[in-house]
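First to last, the sequence lines map onto chains A and B. So the first sequence is numbered by the numbering used here: it starts at 1 and just counts up by one. So the second sequence is numbered by the numbering used here: it starts at 1 and just counts up by one.
None of these hints come from the bench; they were simulated from the model. Beta carbons: idealized from backbone N, C-alpha and C, even for Gly. Treat the hints loosely; a few may be bogus.
What the hints assert, rightly or not - Anything over 10 Å on all C-beta distances counts as not near chain B; from chain A, calculated:
1. Asp38
2. Pro69
3. Gly86
4. Lys214
5. Gly218
6. Leu245
7. Pro248
8. Arg272
9. Lys355
10. Glu381
11. Asn402
Claimed, not checked - One side of the interface only, derived from the structure: several residues of chain B facing chain A at Cβ under 8 Å:
12. Leu113
13. Tyr115
14. Gln124
15. Gln241
16. Val446
2 protein chains.
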Amino acid sequence: MDMNRRSLLKGTAALGAAGFAAAAHAAPKGKAWDETVDVVVIGSGFAGLAAAIEAKQAGASVAVLEKMPTPGGNSIINGGILTATGCPQQKKHGIKDSFDLLANDMLVAGLHLNYPEKVKYLAQHALSNYEWCVKTLGVEFNPDAIGQEGGHSVPRYVFTKNGSGSGIVSKELEYLAKLGVKPRTRTYVQHIIRNPETGRVEGVEVRTGYRFPKAESGKVVRIRAKKGVVLCYGGFSRDVQFRMLQDPKLVATLDSTNQPGATSELWRETSRIGCLQVQDDWIQCTPWNNPKEKGMGLGWTFSQSGAAEYGLWVSTSGKRFVNELANRKIRADAIMNEQSKGLRAVAICTEPNMKAYRVARPGMIDKLLASGVVKKYDSLEAIAADFKIPADTLKATVAKFNDDVKAKKDPEFGRYINNEQVPLTSGPWYAAEMSPKVHHCMGGLVTDTACRVMDVATTKPVPGLYAAGEATGGVHGAVRLGSCAILDCLVYGRIAGQSAAKAA
Amino acid sequence: MDMNRRSLLKGTAALGAAGFAAAAHAAPKGKAWDETVDVVVIGSGFAGLAAAIEAKQAGASVAVLEKMPTPGGNSIINGGILTATGCPQQKKHGIKDSFDLLANDMLVAGLHLNYPEKVKYLAQHALSNYEWCVKTLGVEFNPDAIGQEGGHSVPRYVFTKNGSGSGIVSKELEYLAKLGVKPRTRTYVQHIIRNPETGRVEGVEVRTGYRFPKAESGKVVRIRAKKGVVLCYGGFSRDVQFRMLQDPKLVATLDSTNQPGATSELWRETSRIGCLQVQDDWIQCTPWNNPKEKGMGLGWTFSQSGAAEYGLWVSTSGKRFVNELANRKIRADAIMNEQSKGLRAVAICTEPNMKAYRVARPGMIDKLLASGVVKKYDSLEAIAADFKIPADTLKATVAKFNDDVKAKKDPEFGRYINNEQVPLTSGPWYAAEMSPKVHHCMGGLVTDTACRVMDVATTKPVPGLYAAGEATGGVHGAVRLGSCAILDCLVYGRIAGQSAAKAA
């Protein structure tokens, strides 16, 4: 782990009190509204679009605000895997699952820092949410593939057919367009306007024609929200200063999977106006990103759906070092631990074990081989030579693991052995390096199951304010399980929209 | 662990928007000041009193505000152990230590969530702080005893002669009285007044004659702070709602070591006025409190300075289950893990190993035996019988551990073996049960090394606002090491007072 951290507060200390931006604290007031709608939704990812759909369907006029030049936020570059306990794909593969098992997996991984009510409510909506995606939105999921991200007891995620969250976002956008709502891009929210006398959130002050990341660009416009403002502004993984205030280990040299707009200004703004936030210091690093790629990339699909579920992970010591299906924090920490010893983490799989991955993500492996992100080898020895792994150690590790695969039991790390995994004996072989990247903010605004945001002074709802998705806390606790983000965003996004539309 | 958590938000959800207390958000304004001083200090524990001393010595007029009927906050019931790297007691026992080793111990236990600059600055002041206590305040420490709390590489804490934090608080109060300042008790701060135009903190609105915990008691008075307000309001371990919002596992049935006034109202208030807080969800449970006592009690002194440093800990399985000198979180988690299996945790020591404890805390063991908190036994078998521990297992555990003591090495848990520990063979024997209690809030206000509080919107100092002690975050990260709290409070408390007095 990089211990050469830059001085967190040195810069700010030098500025002194004179450098204080008074305007940032003062609530804009007394100015007229430029426009009035029923519901303002901030953010156009999974959650924001779901909220907008529901609010509009309930009869409200809706404005969806997006600061970036294109809609979709981080969701549009998301990996497109959705927890869908009870879905047909699980039945096809004979997998037994239950809402209780899902909730329990989330609580265990979350170290019980998550709010049980919110977890249980979410888990109970895993199937109905899948069905909403398919029947209402018309999202196309791969009908055959079922996957298992780390920390889940059983395979339970489905894949969008196009292999990305955009497979859902595009359908949300289409549906919303039919309802007559189009996200307003390049619209930056610089203030949420809360009436200091009544405590009610009344609207927002935005910059239209905003050019990210220029704070002063665009024209200032004030939009009144008669019924409510719905906060779906996502996480702050790309905001190095803010993430280092929460966790100083997340230094600037750590890449992030997120789009550049994943910054903290609305986390700060909601704090400023007195919203209760919790657990902001729990920031997830992915385990399996490929250091050859910038941002999220595509190499992780091989390392997860190929190697973690059907192959194995080793470090360049030649040994396994973690349960390849442990939760993301455990795996990311384990990789960083190997890296601190000067070792690298390598995902390995064989052609006979690539079947499910090929079904789930047609053509993907060819793309990754062409770009060099994943490499193909004739033998395990060739992988050892390429990554400078002691060949004998690696061969012994694989031989031992093959016994575990045959026995359907991994005594060393307790890894779930997939029914369809076969021993890694015949090639061709595939391998890729893995390195953690900053990925997801588990903490955030405290909301109830009606998605009302709580006031920090009273723990009562802030009138006129709702939230869903990564901007909120309490759902995932210490660790968000992979494939639970879309579920969280859609289920609570829809409720937030419904609640706002119903408000007086 | 108790999984029967009460519904966190059920109550608040039922209240609805109509229940919102608008007054709690609105900053009081336009009213006249009833009184003006240079510096207002909130809280009269270690940090607040240190701040008041420095501010007054620097020529400022000072008001110290304390909501409870007596001064001293939680510090006055603190265990009175102070990290003092480089002190004469360490030299007397031939212990090698360094400021770097102390800082490293704090960062490792803190999982590097702590801010390195603040940790290093603190560690470098461990000796000068000890000397300030002795030479300036006249605090009496036991001249012979040196102790080692969990997570420290070597013994490095000294004991106040009276065995309590009151040994320091009383000297701070005396010193302050000579300077002409007396804490104003029963003075509850209900608002910190921040000018919305300038962003400056200008004073406080208090209730004098306040009767804890009645929110509406006393008379409302507004005190202007010309130079600054210093926040030393401590933690919120006694506030079940707020601590469960941060960590739902910390249910009402978990006792706390803290005094009843350790509640959250000023954590909420500083959030409300836009102060940056981090890591509030890291809340420490002690490992070693005695379930026969309410609150902090005294039994922990035996379990720590007796059994953990010179004896051993077992569960009622008869086996050791943790490094007795691991940090508090590791030990508390380990005990809760044993409890979840239906087992209890027991601290054991023998008379020949009680020497250091008897020196450090004269007469304490007799008091604990008289109250029945610790019990005395003729034999190890008698302990086994009393706690329903399988005797053969316990005897085997002790025999094995005695070999480790002779070898000065604990291969099983890596425990530091004190030079002066001898094998546990001859009695009398002593034993006591242990059970975790909620103890210390690691997170809090973000401050720089000048103790200026940062604004959440800008990460720049809030003009006129300073903080120190448990109210602040960034020093301890995930785990505060035992005996580092007083160090933190005194070093940064003094700086906060100096900074405030110097302010324009």
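Hint by hint, here is what the structure shows:
1. With a least beta-carbon separation of about 16 Å from chain B, Asp38/A lies farther than 10 Å from that chain, consistent with its non-interface assignment.
2. A cut-off of 10 Å between C-beta atoms confirms that Pro69/A is not in contact with chain B; the least separation is 25 Å.
3. The beta carbon of Gly86/A is kept farther than 10 Å from every beta carbon of chain B, the shortest such distance being approximately 24 Å.
4. Under the 10 Å C-beta cut-off, the non-interface status given to Lys214/A relative to chain B holds; the minimum distance is some 17 Å.
5. No Cβ of chain B approaches the Cβ of Gly218/A within 10 Å, the least distance being about 19 Å, so the stated non-interface status holds.
6. Distance check on Leu245/A: its Cβ comes as close as 6 Å (rounded) to a Cβ of chain B, failing to clear the 10 Å threshold; non-interface status is violated.
7. With 10 Å as the threshold on Cβ separation, the claim that Pro248/A sits away from chain B is violated: the shortest Cβ distance comes to roughly 6 Å.
8. The claim that Arg272/A is not at the interface with chain B is violated, since a C-beta of that chain comes within 10 Å of its own (minimum 5 Å).
9. The beta carbon of Lys355/A sits about 40 Å from the closest Cβ of chain B, which is more than 10 Å, so the claim that it is off the interface holds.
10. For Glu381/A, the requirement that its beta carbon stay farther than 10 Å from each beta carbon of chain B is met, with the minimum near 37 Å.
11. The non-interface label for Asn402/A is consistent with chain B: the shortest C-beta to C-beta separation is roughly 32 Å, beyond 10 Å.
12. The beta carbon of Leu113/B is positioned within 8 Å of a beta carbon in chain A (closest approach about 6 Å), and the interface hint is therefore held.
13. Using the Cβ-Cβ criterion of 8 Å, the hint placing Tyr115/B at the interface with chain A is satisfied: the shortest such distance is roughly 6 Å.
14. A hinted interface residue such as Gln124/B counts as satisfied when its beta carbon comes closer than 8 Å to some beta carbon of chain A; here the least separation is about 16 Å, so the hint is violated.
15. Checking Gln241/B against chain A: minimum C-beta separation of about 6 Å stays under 8 Å; hint holds.
16. With 8 Å as the threshold, the beta carbon of Val446/B comes within range of chain A, its nearest partner Cβ sitting at about 6 Å, so the hint holds.
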